[in-house]
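Peer 1: With chain A fixed as given, assemble chain B onto it according to the hints.
Which chain is which? The protein sequence lines are A and B, in order. First residue of the first sequence: 0, per numbering that gives the first Met the number 0; consecutive thereafter. First residue of the second sequence: 0, per numbering that gives the first Met the number 0; consecutive thereafter.
FYI, nobody ran anything at the bench for these hints, they're computed from the structure. Careful: at least some of the hints might be erroneous.
Below, simulated BS3-like cross-link-like pairs (lysine-lysine); rule was C-alpha separation at most 30 Å, straight line [what the hints assert, rightly or not]:
hint, chain 1, residue 1, chain 2, residue 2
1, B, K84, A, K53
2, A, K23, A, K180
3, A, K53, B, K2
4, B, K109, A, K23
5, B, K104, A, K23
6, A, K59, B, K1
Small disclaimer: the values here were computed from a predicted structure and weren't measured.
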Amino acid sequence: MEKRNLVIIGSSGASLPILISIFKNMPKLRGPVVLIQHMPFYINDAVRTNLAKKTDMTVKMAEADEVLKPGTLYIAPSEMHFKLAHNERIQLENGPKVNYVCPSIDVAMLSVEKDPAMHPMGILLAGVGDDGVKGIGHIKRIGGVTVALDIQASTISGMAEDAIATGSVDFVLGSDAIRIKVAEHLGQPK
Amino acid sequence: MKKTVMVVDDDELARLTVKKILEPTGLQVTAVESGEACIREVQKGFEGLILMDIMMPGMDGWDTIQSLVDQGIVKGNIICMLTGKESPDDRMKMFKEYILDYIRKPFDQKKFTQLVKDYLSYL
Numbered sequence: 000m001e002k003r004n005l006v007i008i009g010s011s012g013a014s015l016p017i018l019i020s021i022f023k024n025m026p027k028l029r030g031p032v033v034l035i036q037h038m039p040f041y042i043n044d045a046v047r048t049n050l051a052k053k054t055d056m057t058v059k060m061a062e063a064d065e066v067l068k069p070g071t072l073y074i075a076p077s078e079m080h081f082k083l084a085h086n087e088r089i090q091l092e093n094g095p096k097v098n099y100v101c102p103s104i105d106v107a108m109l110s111v112e113k114d115p116a117m118h119p120m121g122i123l124l125a126g127v128g129d130d131g132v133k134g135i136g137h138i139k140r141i142g143g144v145t146v147a148l149d150i151q152a153s154t155i156s157g158m159a160e161d162a163i164a165t166g167s168v169d170f171v172l173g174s175d176a177i178r179i180k181v182a183e184h185l186g187q188p189k
Numbered sequence: 000m001k002k003t004v005m006v007v008d009d010d011e012l013a014r015l016t017v018k019k020i021l022e023p024t025g026l027q028v029t030a031v032e033s034g035e036a037c038i039r040e041v042q043k044g045f046e047g048l049i050l051m052d053i054m055m056p057g058m059d060g061w062d063t064i065q066s067l068v069d070q071g072i073v074k075g076n077i078i079c080m081l082t083g084k085e086s087p088d089d090r091m092k093m094f095k096e097y098i099l100d101y102i103r104k105p106f107d108q109k110k111f112t113q114l115v116k117d118y119l120s121y122l
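Bound conformation, chain B alone:
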């Protein structure tokens, strides 16, 4: 099982919260502030669970996933959307083969940690 997680969110508090919850459980968390930074990490070899915000300046979550797919570098990663948006917009259906969940903020800390570990068990 991989133990690597990347949180992609322009909100610093959201990034810190995910790190604070997951790192004490033994997971290694990379926190980046943009889709562009996420792509750079994957290009450098990151493989694991990507927790992707949707609304970000520059590339949004969907643009970022599209780029990972187009570049052929999505392999080895599971993507879960992690967002405050109540429900997915229409663009999600284009990427449904790559996105395994849609987790809404705020979330229950214990359930979130279990879900992250469950999804990492598929890698």
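Extracted from the complex, chain A is given alone in its bound form:
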């Protein structure tokens, strides 16, 4: 049985330019990408539009009950926690902030379940605090691949640096190498 692949990216302040460079000229990949970005709600659509200009992937705000489709980049909307049910159905939940944020990267990554038919990749970009550190550890424990942004690439190192310190990170990479890793993990059109 062919494994389904999934990439889930946690991103915070100072990461928007890095995200843009990761998705610049990215072809429509053969799996879904989920983006949890800490940002104010009033720039959600602008972030979606700016990313959509860079990639052939379909870029959309995640909607409740939607099933993940290949070739699509889903952006978690602000002020709702994002979870996956059975690794494929989007759940958006109201709830208190976790790690001072909503959506929380930890909440999203911790919802990914161990599944022999699914191979997740968790990526943590720049940001203060430690949101995403537990999530990356979870992705690693369930057999996924974990990546953190090389802290040299950002003025804010907290999240990625803390995740690296736990020993749960497989690859520490700059944006160009992350771009290649994502494309390899999800596969490009044949």
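Peer 2: Relative to chain A, chain B alone:
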């Protein structure tokens, strides 16, 4: 895309430097010397990119952001910290949904201008 920037810094030289760099590129720069003055500008309707120093007499950068959030007037603004402090202190994580970058002084003029324009494109 909005073309309005506010620099909030108690250091006059820092305010003048930002104005001198950004105004010739077509951006409209409001320069204020304190957190209190920043809040007054936002209350009067300023919307755009706010470049916020951290250490200022009176309200510091974090107190100012807290007040903007508490008053519900942060909407329509993107905040980037613009500071000489090497790394963010712990209070930044409380506002990470509102702060899109942490720019350290001194900065490269060309990269700074591009970054400011990139962030304004989200408004």
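Peer 1: Each hint should be assessed against the structure and marked as holding or not.
Peer 2: Each hint tested on the structure:
1. Distance restraint check for B/K84 and A/K53: the Cα-Cα separation of roughly 33 Å exceeds the 30 Å cut-off, and the hinted pair is therefore not satisfied.
2. Between A/K23 and A/K180, the direct Cα distance comes to roughly 14 Å. Compliance with the 30 Å bound is thereby established for this hinted pair.
3. Note on A/K53 and B/K2: the hinted pairing holds, with a Cα-Cα distance of about 23 Å set against a maximum of 30 Å.
4. For the proposed pair B/K109 and A/K23, the alpha carbon gap of about 21 Å is at most 30 Å, so the pair holds.
5. For the given pair, B/K104 sits about 28 Å from A/K23 by alpha-carbon distance, which is consistent with the 30 Å threshold.
6. Taking the CA atoms of A/K59 and B/K1, the gap is near 23 Å; set against the 30 Å cutoff, the hint holds.
Figure legend: structure checked against the earlier numbered hints; the only hint not met is number 1.
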